Amino acid sequence: MANTTASAEMLPTESSKQKQLKSLISKYGIYFAFIGLVIFMSAMHPAFLTVTNILNIIRQVTSIGLIALGVTIIIITRGIDLSSGSVLALVSVVAASLAQNPDWHAKMYPSLPALPVIVPILAALAIGSLCGAINGAFVAKTGIPPFIATLGMMIVARGAALIYSDGRPVSDLNDSYNFIGQGEIFGIPFPVILFIIMALISWILLNRTRFGKYAYSIGGNEQAAFVSGINVAKYKILVYTFGGFLAGMAGLVLSARISSGQPGLGNMFELDAIAAATIGGVSHAGGIGTIQGTVVGALIIGVLNNGLDLLNVSAYWQQIIKGSIIVAAVVFDMRKNARKN
Amino acid sequence: MQSEVVLDMQGISKSFPGVKALSDVQLTLREGEVHALMGENGAGKSTLMKILFGMYTRDCGIIKLDGKEVELNGTLDSLEHGVSMIHQELSPVLHRSVAENIWLGREPVKGLLKLVDHDKMWADTKGLLERLDLEIDPREHMVSLTVAQMQMIEIAKAVSYNAKIIIMDEPSSSLTDKEVGHLFEIIRKLKGQGVAIVYISHKMDEIFEIADTITVFRDGQYISSVPARETNQSKLIKMMVGRELNKMFTREDHTIGEDMLKVEGLSLEKRFEDVSFDVKKGEIFGIAGLVGAGRTELVETLFGVRSKSAGHIYIKGKHVHIKSPDHAKKNGMALLTEDRRQSGLSLMLSVEDNTAVANMDSYVGGGNLLEVARLKKEAKEECKKIRVKTPTMTEPIGNLSGGNQQKVLLARWLLTKPDILFLDEPTRGIDVGAKAEIYKLISMFAQEGKTVIMVSSEMPELLGMCDRILVMHEGRNKGILDRNDASQEAIMSLALQKH
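From first to last, the protein sequence lines are chains A and B. The opening position of the first sequence corresponds to residue 1 in UniProt numbering, with each subsequent residue numbered one higher. The opening position of the second sequence corresponds to residue 1 in UniProt numbering, with each subsequent residue numbered one higher.
This is chain B alone, in the form it adopts within the complex (with noise of 0.2 angstroms):
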């Protein structure tokens, strides 16, 4: 009954700087099993995946492939010994044929100048789509392509490297129900040629009518293994989220008062639709779901950096149309941003100039000219205040820590005086002292009677920190939960609750 084993990895352990996002965990897969990782964000299944595909190198462990010990440096060292993964986020070269895509940077040579042998090419792809049954041309180019037909491609060059265990992160995200059973009907085509799946998702339902065996990781550990059909979807909850609250959280007491942000039927065409809700000025609002939830995209309709295609929004009361985030600021709302990185910081700038770029229309005095005695004393008095920690104002803030770049960036909103604070994943790779210190700058902020509104995706500190917390779901508010009644296992069966 039991198949052969073809990779076991134990002991597996990895830290980041400030954060340890794998400890001491195991992975044990079979020939042609689809085995099921799961767990909330930042649990570590990315991680452990991108160590067996060679994108990251562990710090302690053991790999085994077929029972012999591996080391697996870089992602040609793994396609090599037949593993090979398929991203959540694809990035086809457009332009190009799928031939092309699939034969990329190993493309059949012939002739004494090596000249790409297009036939060879065209007729190896035919016949690699044949055994997948994908009626697709290899002569099409990506860009004409469905998502879910690159996911295909992606799928077929995998199969390509004659892989014995192809990854798929989160590969029905952006699938239709329609486009999933399609993508099963591959998997299980490719499970009878012996191939192991690792597939990693959030959808219970999808996971129970695939996956064979479930492997549970939570906070970097390794929870449990188990039999698909030996468990449920409420067992599942329990072993993904089951842990101790800990004490980082700072509440002070705040006061909640009347109506400061009030949303009717807001709706961003394909992300979410007719989103519901009102927040208090001194409340903390919550929003949690996972990732693909639509929750970035729901506050940054509201700071207008995108359009909204329905729906309604009231501040204190008065009805606003908000087009840019220009124009959100000026009605009193601040948002920091989920990627520091990608639209957050100007690593290359000083720590002084990331900190005032919002706030620049105070400073202009006479003639246009801006008061920069002033600018730069507020902003180092607010990075003060938060203890931003810089050897000066002038540094360039590329070379801050993850943190001191985080407070940077929440100097930076704070400085605005903003009625309304949006914070997207305040404390996403940071260090625990770090978001210890945020937390109580986010309940200060309450305190002061202004409204913060926080997407996050580790629950506990929604737990910790909110008044109420609003649950989305693919692009749904599937309910709001008050404090009392707000628990990890509430706000997961809310989320994965069926429609």
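This is chain A alone, in the form it adopts within the complex (with noise of 0.2 angstroms):
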């Protein structure tokens, strides 16, 4: 081997060099793609590359982009989760229920003291993370489809916010509660820096723990990995339950934003979630994956939000626009992994 490479390295010919310019591409295609989109949203757009509009493209893709690292992660174990947006709209109700000022008239609980705000944050956690589990449960103790199982959660979780909230918003929040969505740090956003702070642990718990290699050789090879003697239902549970922790997270994120809590929140979220992840390169088939492809993959979707209503794009063509590039992304990335084998 090392006498091939070297003869290669010493004789770069032509077509070696175009050989290294499209792997690179296909390697890095994705972000390749993301800095053309925003190259070309600013020719097209003067206020579009302005800190108060990159900040402000963040801010809105946080939501989707939480829920979306654990998504990444449940779909490199080749699972899925469809629960995330009813389980953001649980849990947004039942924080919000928290956090309620004291003085307000229609208070959920009237005779609820303020509460400090780590109340509703655990609380939210506590949920999300519930949810996250019993999906887990399911698809490891059964053995029943991850879409089966994470399609039930979806609408009981959306049953039970519904039925929590009585189908009314939870609202006048207090002001350390809305902080959460509307704070700044230094200027920047308080929830892109949660984001931010999220993909770095989505990062290190993917490629510096076992849980992220077990989720590798999960997705990879399922009963490869329980013959390597990996606990495959603890870590599958572990997995679905990260997914709810961060499906909770961005529950108190978006009703802080709003500063309420409402029962049809986060609705098709999950959807967003799953198209920045597969944008971002993870693969349906397992074993796939990266978390910076994943933020790239929602960052884009965020950049095409925000672009194209500059660009005065109508909502109904941003459809159409959107799920062809979903497709479209696929497509490119079984043809890169095709070309590999």
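FYI, nobody ran anything at the bench for these hints, they're computed from the structure. Note that the coordinates shown come from a computational prediction; the quantities given were computed from them, not determined experimentally. Just so you know, not all the hints are guaranteed correct.
[Stated by the list, open to error] On the chain A side, residues computed to face chain B include the following (Cβ under 10 angstroms):
1. S111
2. I204
3. R208
4. T209
In this text, a Cβ means the ideal position worked out from N, Cα and C, and glycines have one as well.
Assemble the dimeric complex from its two separately framed chains, guided by the hints.
What follows is the structure, given as structure tokens:
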């Protein structure tokens, strides 16, 4: 092997240079596409490439982005999570009910004193994680397809959100809660900081812990992972729990941003998140995917939403453009992998 | 007396990367005969039949059907030429009816809209089943049939193609004695209708009951064809195994120490029963037997992949209850599985990750984070030690050759520093050079006072490497041979001995 690579390096022929370029493009294609998109939008509209607008884009994608981080790891294990949008809604109403201003006349729990903000935060993360754990337990212990397990949770969690809130928004939330969605630190929106931190944590989990190594291994070949002595059921439950945790966090951020928990929040967010991960190169056949890819995938969706708005493209056309891009990204990805084999 | 020749294959060769599967073999079939193919696993029987059935293309040679030279490109071609095959592994569409399974892909249609003509399909199926004396309702769903009935349906399907030649690959392997009787009745009926049957089996008594002619293969070569009534069991065994042992095997002197693993009355429902043996430190212990003997199931049960139905396991004198591979690993065991692709490799993951995956626990450092630098270093060192050839450690393992993939899997387990190493067909599908290297590694491992338990269908490998060999047949322990008493003939006759 050493010989062949050495000789190839010594005589860089035209074709090998082209090959290198090709493999560079296919490896980093998504990043090039992202840069190209940003350049295109900047050229089309002067307001696009401003700090305010960029931060705005990132803030808008944080909810979907947070969910996408979790669903990335789930898809790497060859699973799927359809419940995240509904879990977000359930979390938003519960957390909001614990964060209402004490003097609000339509308070959900009229006798509840003002609680420290940590209470709704912990409640949100706990409920999100619990929903995820239930998903994981059904997938791991009963062997039903993840699509079905999480489809069930999607419907159940939405119903629970409606029951809990009696179908009404839970509003007038206190300022410390609102900070989660509206605050800034050194001029950077707090949700953006949260998203960056969670992306870093997800990257570390995926690349620097057994949890991540096993996620890849389970998605790569579940039987091989089992025979290698990996507790497949345990790690599957953990992976879905983490997904639920992030959906819970997204519920916090979104309800704090609009200062209201609503049972209809997060509708179809799970699909946007799956789209972000998919555009970012996560393979639904399992075993392949990166956090950085998903982050860029989420940003591409954000830039498209924002840029197409700036360009006055109608919301109806935006759907057609987004849908086409998702399919195109996967076709590109499949061809890239097919060439490799 | 001699009937018409329906098939004549001459000078057939076939190579796979690194392996010569068939070299210059021949086969002649006559109308209305049952022709048995015999030979050890890997002798080339199945490869030859897959060529005849159009699943593989031959490298060279001539195939004549009814005296005319033919090209068989794909199974459809073969079916059109009247060749049908019943595979060892049945693949019925379980939740569809018998009739739909038989006519799958060639359903009779009627009318302008080409709607499926169910009436004709059921009537045709009924006639077909009656012709074979099968009492099965064409509308029954496959899932409610027994394995034997499914097999009969496969045969009916073969007949429905007006097959002149039907290949049966180990058709009796999952049948009871009574069902085998019924199978033979059908075979005799087909024979009477002039169909030639190729019957692949390891079961001597069956072959002497049903076959007219027996052809023996060995190591991809044609050995001989003989009329069944002019030969006997011991002559056949000699033909099947009569080769020289080559000098591939490294066996360093190793001292055999005290008890490592003791197995008492181990059983797994329907797979094996009441298997007992013990293995010492520093010993290489072989498990021989034909396909379906329960060898893989035995090591998988010891390793916790399957749950035993009875029996006891002791490691170094201590009674253990192995519940999962995780648990087995913690008890110092390692298992290199039989099927690399199915239960070994994650093809898209790197050589490094494939090497380290079973040993992650030992790389966990502060804050539950992995010590990635140490992981990379140890994985690389282990791969280097056993001479895995790969461009880089981050190369997807799918890009490596079979031999190197196998070495990576071996590295995976050696990294966990096991006391007991189970090897299931450790050299299957890899080339001769890599085989010799793996033998050397096995020998070195035993030299360190560790225990190796290896399952193999390659008898020379077992004879060359093992201190003792357990012979299994149809889920039973048929005896343990000492190195000095072991020979291919001894193993074969022990395995095929009637109980």
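Hint by hint, here is what the structure shows:
1. S111: It is violated, given that the least Cβ distance between S111(A) and chain B is near 42 angstroms, above 10 angstroms.
2. I204: holds, 7 angstroms
3. R208: holds, 5 angstroms
4. T209: Cβ of T209(A) sits 6 angstroms from chain B, so the hint holds.
Going down the numbered hints, you'll see the structure goes against just number 1.
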